[in-house]
Amino acid sequence: MLDNIGFILGTTLMYATPLIFAALGGVISENSGVVNIGLEGMMTLGALMGATVGYFTGNPWLALLCAGLAGGFLALLHAIASVTFGADQIVSGIAINFLGPGIALFLSRLFFEGATMTKSINLENKIPRPLGGVFPQNSFFDLVLNQYATVYISFLLVFVIWYMLYKTKIGLRIRAVGEHPKAADTLGINIYKIRYFSVILSGIFAGFGGAAMSIAVVSNFRPTLISGQGFIALAAMIFGKWKPQGAMWACLLFGAAQGFVIFLGGTAIAISSQLLAMLPYIITLVILISFVGKSVGPAASGDPYEKGER
Amino acid sequence: MKNKKNSIKEMLGSGNFMITLVSIFLGILVGAIVLKIAGYSPLESYGVMLKGIFGKPKYILYTIIYATPLIMTGLSVAFAFKTGLFNIGAEGQFIIGALVATLVGYFVKLPMGIHVVVVFVAAITAAGLWGGIAGYLKAKFGVHEVIATIMLNWIALYLNNYVIMLEGFKRPNSEASYKIWDTATIGILEKWKYTAHGRVWLKVHPILQSIFKTPVNLGIICAIILAFVVWFILNRTTLGYELRSVGSNKYAAEYGGINVKKSMIVSMSIAGALAGAAGALQVMGVSKQVSILAAMEGYGFDGIAVALIGSNGAFGCVFSGLLFGALKYGGPKIQSAMGAPSEVVSIVMGTIVFFIAMPKFIRLLVSLVKRKEVK
Numbered sequence: 481m482l483d484n485i486g487f488i489l490g491t492t493l494m495y496a497t498p499l500i501f502a503a504l505g506g507v508i509s510e511n512s513g514v515v516n517i518g519l520e521g522m523m524t525l526g527a528l529m530g531a532t533v534g535y536f537t538g539n540p541w542l543a544l545l546c547a548g549l550a551g552g553f554l555a556l557l558h559a560i561a562s563v564t565f566g567a568d569q570i571v572s573g574i575a576i577n578f579l580g581p582g583i584a585l586f587l588s589r590l591f592f593e594g595a596t597m598t599k600s601i602n603l604e605n606k607i608p609r610p611l612g613g614v615f616p617q618n619s620f621f622d623l624v625l626n627q628y629a630t631v632y633i634s635f636l637l638v639f640v641i642w643y644m645l646y647k648t649k650i651g652l653r654i655r656a657v658g659e660h661p662k663a664a665d666t667l668g669i670n671i672y673k674i675r676y677f678s679v680i681l682s683g684i685f686a687g688f689g690g691a692a693m694s695i696a697v698v699s700n701f702r703p704t705l706i707s708g709q710g711f712i713a714l715a716a717m718i719f720g721k722w723k724p725q726g727a728m729w730a731c732l733l734f735g736a737a738q739g740f741v742i743f744l745g746g747t748a749i750a751i752s753s754q755l756l757a758m759l760p761y762i763i764t765l766v767i768l769i770s771f772v773g774k775s776v777g778p779a780a781s782g783d784p785y786e787k788g789e790r
Numbered sequence: 005m006k007n008k009k010n011s012i013k014e015m016l017g018s019g020n021f022m023i024t025l026v027s028i029f030l031g032i033l034v035g036a037i038v039l040k041i042a043g044y045s046p047l048e049s050y051g052v053m054l055k056g057i058f059g060k061p062k063y064i065l066y067t068i069i070y071a072t073p074l075i076m077t078g079l080s081v082a083f084a085f086k087t088g089l090f091n092i093g094a095e096g097q098f099i100i101g102a103l104v105a106t107l108v109g110y111f112v113k114l115p116m117g118i119h120v121v122v123v124f125v126a127a128i129t130a131a132g133l134w135g136g137i138a139g140y141l142k143a144k145f146g147v148h149e150v151i152a153t154i155m156l157n158w159i160a161l162y163l164n165n166y167v168i169m170l171e172g173f174k175r176p177n178s179e180a181s182y183k184i185w186d187t188a189t190i191g192i193l194e195k196w197k198y199t200a201h202g203r204v205w206l207k208v209h210p211i212l213q214s215i216f217k218t219p220v221n222l223g224i225i226c227a228i229i230l231a232f233v234v235w236f237i238l239n240r241t242t243l244g245y246e247l248r249s250v251g252s253n254k255y256a257a258e259y260g261g262i263n264v265k266k267s268m269i270v271s272m273s274i275a276g277a278l279a280g281a282a283g284a285l286q287v288m289g290v291s292k293q294v295s296i297l298a299a300m301e302g303y304g305f306d307g308i309a310v311a312l313i314g315s316n317g318a319f320g321c322v323f324s325g326l327l328f329g330a331l332k333y334g335g336p337k338i339q340s341a342m343g344a345p346s347e348v349v350s351i352v353m354g355t356i357v358f359f360i361a362m363p364k365f366i367r368l369l370v371s372l373v374k375r376k377e378v379k
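Residue numbers (my numbering), protein chains in the order written: chain A, 481 to 790; chain B, 5 to 379.
It should be emphasised that the hints constitute simulated quantities derived from the structure, not laboratory data. Treat the hints loosely; a few may be bogus.
[What the hints assert, rightly or not] If you only want the chain B side, here are some residues facing chain A, beta carbon under 8 Å, derived: (1) 60; (2) 151; (3) 166; (4) 300; (5) 354.
[Said to hold, decoys possible] In silico BS3-like cross-links for lysine-lysine, where the CA-CA straight-line distance does not exceed 25 Å: (6) B:364 to A:721; (7) A:599 to A:647; (8) B:144 to B:217; (9) A:673 to B:364; (10) B:183 to B:144; (11) B:364 to A:787; (12) B:374 to B:62; (13) A:662 to A:787; (14) B:266 to B:40; (15) B:364 to B:374; (16) B:374 to A:662; (17) B:207 to B:62.
[Unchecked claim] Just a sample of chain A residues kept apart from chain B, beta carbon distances all over 12 Å, derived: (18) 481; (19) 571; (20) 576; (21) 609; (22) 632; (23) 637; (24) 677; (25) 708; (26) 717.
Computed from a prediction, not measured in an experiment: that's the story for all the values here. For every residue, glycine included, the Cβ atom is placed at its ideal position computed from N, Cα and C.
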């Protein structure tokens, strides 16, 4: 029994991690007033880049870094369109969601002789498990805590981003720009700089999220690897009321649903895994209806800012 | 005088159509650059694609068959756009339409002719209700339709998988449902072309034979009729006027006595029905069944691109749907012919949408080009 709970908790953490990375990205971007619906595309490119660099160099940390950079590159495009050229942020995000998977599969075919699936990374070259071997194998603590380093990093980043947003000068500026850009502008804050910073950072995080799938949860990239996680992260962010810690809890809920699906898949319990998989989405809708619908996000989220415009 | 001429030129240059054309050009250009960097000849690649789209009558038909669902999901997104709503849920509405069409097409037995109508009406009603949920949540609870429809997409996907797995519907040893009855299909002369007489006749007429090798069906005609219906509703009816008013300024519309909440629900329902029609016709014309989905198929997301490239106009969607269908069908041919990654198509589409998102940039570009011309 205890082992089963341990297994479910462990899988929950593992599957929540990519979502937490991406949702944090969404939190940063939206707090600065830029909707980032392109998280999905950024995650996909990050996942491909992580798997590719990981395969060729054998260095998981370099792979994670490159995945972040790849996501950041797509985010830069999003920022150019939506910050500098006042584009409709949702449309620009949709474009990113075409470009991300497009570029990812294109590169995969180039690097892996026309295959859309990258070659697997050797087990010892995946992201390490820092607590591996500390606890007896398959004991409760081993199942729960013996996780890939990305899991710990993601939870650490939740704290870091919370601290940044609410306890530092830059965080205050990001929130000011997202809430009332005109007032922030009057006080001499460079709106464009803050938004570029936030959007690119959000892409880097989404890229990490992709890599957390491709070099930790599994060990390669394939076309369906990132299928919807970016959108789920977006929902988690809204679910969590645009706050890092809130988004984290929402991601854990989605991760738990995944954990249960995988657990039940290995048992004889006759609950449809399809219905179970549906559950988190229904819960999100119910929660949106009952609580979150009324509390709104950053006031200026979604509005392009034009200097001098009334 | 010269000034006036310039201003007219500028006015033409700042139109929506201009932005779309420049964006399409830039998209193709970026695709060429990407191919070049990857070491493939852009001219040869695009040549292969063009040949793969227009080379044979069969190819053109396939392009149309590929384009048909995209036109309709495009119409769905465009319709909601006009009311100021962003229908990301075309994906899920498509799934519901396809699923209900298959259910009614398999479990209900009706004579030829009536069956098709019943299947179609059932599917678009179900998908309309599905789309209406998002509209209702927005109107009643203020839930943003983008988030609601994203959730509904996944719920639809798992619902689809759940229903297919049910005993009596799942075809044994397959990942799909049973096929719909022939009375529920809309293929053109589908039965005849496999009869002895049909085979002999087609052998004598090689062009028609190549055409009838494709799942040629009535879908495209339905799509064009629906485009006309959308145009008519939006531009020639009171309902359309109200929906558009809500889209351009919902406060003014409310002040003018239009029921904004009702408009949102109606608009999302119609958008849902349109995407559902795409799913239904895809089943009735091409797939004849629904399969277990591991991931989203992308008809709805592609529809967003189609709507944007078509400037959210009904007939714009027909053309951009054909463009997208052509790229989707012709694109993979560069893979088989020269080993060039076919995903260049996604990059081209993404780039087009990307530039359409920022008309400001296009205007800047056009004015820069013009300034050079003057010098």
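Each hint tested on the structure:
1. 60: Where the cut-off is 8 Å and the nearest Cβ of chain A is about 25 Å from residue 60 of chain B, the hint is violated.
2. 151: Holds: closest Cβ of chain A sits about 6 Å from residue 151 of chain B, inside 8 Å.
3. 166: holds, 4 Å
4. 300: With a closest approach of 7 Å, the residue 300 of chain B hint holds.
5. 354: Nearest chain A Cβ about 3 Å off; hint holds.
6. B:364 to A:721: violated, 32 Å
7. A:599 to A:647: violated, 43 Å
8. B:144 to B:217: Violated: residue 144 of chain B and residue 217 of chain B sit about 50 Å apart, past 25 Å.
9. A:673 to B:364: holds, 19 Å
10. B:183 to B:144: violated, 39 Å
11. B:364 to A:787: Holds: residue 364 of chain B and residue 787 of chain A sit about 14 Å apart, inside 25 Å.
12. B:374 to B:62: With a Cα-Cα distance of about 42 Å, the restraint between residue 374 of chain B and residue 62 of chain B is violated, given a limit of 25 Å.
13. A:662 to A:787: holds, 8 Å
14. B:266 to B:40: Distance of about 52 Å is beyond 25 Å: violated.
15. B:364 to B:374: holds, 15 Å
16. B:374 to A:662: Between residue 374 of chain B and residue 662 of chain A the Cα gap is close to 34 Å, so the pair fails against 25 Å, i.e. violated.
17. B:207 to B:62: holds, 15 Å
18. 481: The assertion about residue 481 of chain A holds, with a minimum of 28 Å to chain B.
19. 571: The claim breaks: residue 571 of chain A does not keep its Cβ more than 12 Å from every Cβ of chain B (closest is about 4 Å).
20. 576: violated, 7 Å
21. 609: Correct as stated: the minimum Cβ-Cβ distance to chain B is 28 Å, above 12 Å.
22. 632: Holds, because the least Cβ-Cβ distance between residue 632 of chain A and chain B comes to about 28 Å, which exceeds 12 Å.
23. 637: Given that every Cβ of chain B is farther than 12 Å from that of residue 637 of chain A, nearest at about 23 Å, it holds.
24. 677: holds, 20 Å
25. 708: Non-interface label on residue 708 of chain A violated, nearest chain B Cβ at 6 Å vs cutoff 12 Å.
26. 717: violated, 10 Å
Hint violations for this structure: numbers 1, 6, 7, 8, 10, 12, 14, 16, 19, 20, 25 and 26, all remaining hints satisfied.
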